[in-house]
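**Q** If you want the building blocks of each chain, they are given just below.
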Amino acid sequence: MMRARIISWLSSPYLALLFRVCLGVIFVYAGLVKIVDPLGFAHALYNYHILPPWMINPLAICLPWIEVLAGASLLVGIMISGGALVVSGMLAVFAVAIVVGLIRGLGIACGCFSTSASAEPITWLAVVRDLLLLGMGIHILFFDQGYASLLRLIQTRLHKISD
Amino acid sequence: MKNRKPRTVTLRLSQAIWQGIFLVCLGALIGAGFNGIRSASLPWTGASTPASLAASQLQGLEEIPLGEAWSLYQAGKASFLDARDAVSFYQGHIKGAWSVPPGEAARNLAEIRILARAGLVIIAYCDGVDCPLSTELAKSLQQAGVASVRVLVDGWGRWHKAGYPTEKGNR
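Protein chains in written order, with this note's numbering: chain A, 1 to 163; chain B, 1 to 171.
No lab work stands behind these hints: they were computed from the structure. Mixed in with the good hints there might be a few duds.
To be verified - Sample of chain A residues at the chain B side, in silico, Cβ under 7 Å: (1) P38; (2) A70; (3) S81; (4) L85; (5) R104.
We put the beta carbon where it would ideally sit given N, CA and C, even for glycine.
Using the sequences provided together with the hints, build the complete structure.
**A** This is the structure we're talking about:
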């Protein structure tokens with residue numbers, strides 16, 4: 001009984017809605033910070049020493065906008081599953097990059113929510129945070145029912161008009 | 001009825017993949033377009049000429065030529081700060097240099113200030129003309145009030161190639 005209640009709570013679409021808002025706000029903010037300072041973000045990417053040099057600038061130009069779009073899709077509720085998949089994919093890649101940086105002993109800034117190189121160096125806490133956010137993304141992917149979504153609102157309005 | 005759930009999951013995932021591809025493409029397009037019209041746009045390739053790249057990295061910081069750095073080193077009037085990661089530092093660095101990645105500048109600030117007050121020229125370096133670490137370190141130090149900091153562009157590579165003294169291990 002208790003187990004069923006916990007499962008029902010964990011798979012609740014309302015929880016998915018809460019996760020959508022959290023991830024949406026986080027990704028829109030993180031993307032905007034990087035859009036403002038693409039050179040700083042390019043430096044942050046460079047510091048990880050895992051990307052070939054030719055990939056750094058194109059990623060610094062495009063990735064922040066992908067973050068903003070994915071975050072906005074979760075917030076407004078359009079293409080939610082696509083946004084959740086993109087966000088989850090990015091979080092998985094970020095977590096791996098941070099783990100590699102930590103194992104190699106790089107005392108570099110994360111570049112997650114700030115493009116400043118003098119920001120706090122990466123720690124295992126950043127990995128835990130990314131994995132928690134990844135869990136939220138996967139939850140949205142499987143359990144979201146499109147509550148409070150703009151798409152559903154538009155569909156309802158159109159139905160009413162056609163009726 | 002039995003197969004309903006797996007079909008729903010597959011449908012969700014397939015929808016997510018297509019939507020994800022669309023979002024990634026749209027984001028890349030908007031990013032490219034915005035970068036094209038903004039004033040401080042980033043070049044698509046980092047392959048500008050080494051000189052222009054080094055100049056763009058310096059952003060107003062003072063560069064020190066290799067010859068001058070070597071003279072100061074011989075006279076004992078310079079302190080070298082290696083801005084690369086700890087592993088690269090361990091594998092080899094300018095003899096007598098300190099390992100100070102940009103993220104650890106604040107932690108080492110007190111010692112660096114003492115060196116600067118003693119009249120030593122603080123020289124930040126890393127490896128490669130496109131390496132931004134030395135300029136980031138120099139900028140952090142300048143902002144923290146260490147005015148005598150200068151950047152040796154492509155410091156490790158040029159120093160090593162010139163056959164000047166190097167050492168391995170931690171300090």
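**Q** Now tell me if each hint is right for this structure.
**A** Okay, the hints, checked on the actual structure:
Annotation: interface hint on P38 (chain A) holds; nearest CB of chain B at approximately 5 Å, less than 7 Å. A hinted interface residue such as A70 (chain A) counts as satisfied when its beta carbon comes closer than 7 Å to some beta carbon of chain B; here the least separation is about 6 Å, so the hint holds. Interface restraint check for S81 (chain A): the shortest CB-CB distance to chain B comes to about 4 Å, inside 7 Å, so the restraint holds. Hint status for L85 (chain A) relative to chain B: holds, with the closest Cβ pair at about 4 Å, below 7 Å.
Because the beta carbon of R104 (chain A) sits about 6 Å from the nearest beta carbon in chain B, less than 7 Å, this interface hint is met.
Checked against the numbered hints listed earlier, the structure breaks none of them; every hint is satisfied.
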